[in-house]
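Participant: These protein sequence lines map, in sequence, to chains A and B. Under the numbering used here, think of the first position of the first sequence as -9, with each following residue one higher. Under the numbering used here, think of the first position of the second sequence as -4, with each following residue one higher.
Hints are computed from structural coordinates only; laboratory data are not their basis. Given the structure is predicted, the values throughout are model-derived calculations rather than measurements.
Which residues of chain A face chain B? A partial, calculated answer using Cβ under 8 Å:
| hint | residue |
| --- | --- |
| 1 | 33 |
| 2 | 34 |
| 3 | 90 |
| 4 | 92 |
SDA-like, lysine to any residue: derived pairs with alpha carbons at most 20 Å apart:
| hint | chain 1 | residue 1 | chain 2 | residue 2 |
| --- | --- | --- | --- | --- |
| 5 | A | 88 | B | 45 |
| 6 | A | 88 | A | 39 |
| 7 | A | 88 | B | 21 |
| 8 | A | 88 | B | 24 |
| 9 | B | 10 | B | 34 |
| 10 | A | 88 | B | 64 |
| 11 | A | 88 | B | 63 |
| 12 | A | 42 | A | 53 |
| 13 | A | -7 | B | 39 |
| 14 | B | 6 | A | 32 |
| 15 | B | 52 | A | 91 |
| 16 | B | 52 | A | 90 |
| 17 | A | -7 | B | 40 |
| 18 | B | 52 | B | 65 |
| 19 | B | 12 | B | 60 |
| 20 | A | 88 | B | 69 |
| 21 | A | 88 | B | 49 |
| 22 | A | 88 | B | 48 |
| 23 | A | 88 | B | 39 |
| 24 | B | 52 | B | 64 |
| 25 | A | 88 | B | 97 |
| 26 | A | 88 | B | 67 |
| 27 | A | 42 | B | 97 |
| 28 | A | -7 | A | 82 |
| 29 | A | -7 | B | 54 |
| 30 | A | -7 | B | 53 |
| 31 | A | 88 | B | 98 |
| 32 | A | 88 | B | 56 |
| 33 | A | 88 | B | 60 |
| 34 | A | 88 | B | 57 |
| 35 | A | 88 | B | 47 |
| 36 | B | 52 | A | 82 |
| 37 | A | -7 | B | 98 |
| 38 | A | 88 | B | 55 |
| 39 | A | 88 | B | 50 |
| 40 | A | 88 | A | 18 |
Where is the CB? At the ideal position from N, CA and C, for every residue including glycine.
In case you want the letters, here they are:
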Amino acid sequence: DAKTTQPTSMDCAEGRAANLPCNHSTISGNEYVYWYRQIHSQGPQYIIHGLKNNETNEMASLIITEDRKSSTLILPHATLRDTAVYYCIVRAGTSYGKLTFGQGTILTVHP
Amino acid sequence: GAGVSQSPSNKVTEKGKDVELRCDPISGHTALYWYRQRLGQGLEFLIYFQGNSAPDKSGLPSDRFSAERTGESVSTLTIQRTQQEDSAVYLCASSPYRGSNTEAFFGQGTRLTVV
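The shape of chain B in the complex, shown without the other chains:
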């Protein structure tokens, strides 16, 4: 694909329900990142995948949040028992692995609203 694709673009869910957000990175990109952006706020790092290495989960805010990635392809971010404070835009990015000297390409995000 031409860029990072995220789905759905918008999701409204009831408090307490589980949600899954999907990210399709650019083909061949080994690194994948998830960020959260609350309304009017900056980007908050959640999790980072690099190839077959153990993911950096240091940004996940609670054990209700988890993410998976199969190989160098699709990633899903799962939020269990959603709360109103989970309402935000969830952004995914990918980059080719050439050491650290690489740019990250972001998707358009999934806007999650918990009611």
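Just chain A, with the same shape it has in the complex:
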């Protein structure tokens, strides 16, 4: 599965949009982009995933560039409860299971 690169940490003001980037320049055609987050002392939580089209759900939006070499997770109105480590994961369509977590981005939402 392709490797991802994320910034180590980011800050965001409460109520503003949080835009978390992820580079996956070696992604191949059958690989999906997944985002999870881990709030302190909890298990990871699925947020969203996509292949090439932009996706939106009740938690976030996922914007994937046309060449699919990078993506951005958008939390439209960040709250203090969104403070967490955010993981961007790329997984092939045939790699059932074995989500490979990197170091992620520590997002701190401040008042």
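Start from chain A and add chain B according to the hints.
Facilitator: Frame of chain A; chain B shown alone:
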């Protein structure tokens, strides 16, 4: 059950003892994963079960670690002759098998402390 359940939530054991950690996946989920997370570190893949297929054991760090799963139900992770470096949170996750396009649901983990 409503989610993935892991037990015990906390376990303190003496170095050299064996421990068993249990995971109850969400009913109907055919895929089950174990991860380890050391303090301040990321998630380290250990093992993956999918239905009746041979498990992917590529992440098990040594032969002291083993895991079993009966059918599509409970899984146990066993660590023999525990060492202090085994201290970590052990996380279990399950997902429904619909190809790879599925989300994994994680339990709250078992915090293992080896003293």
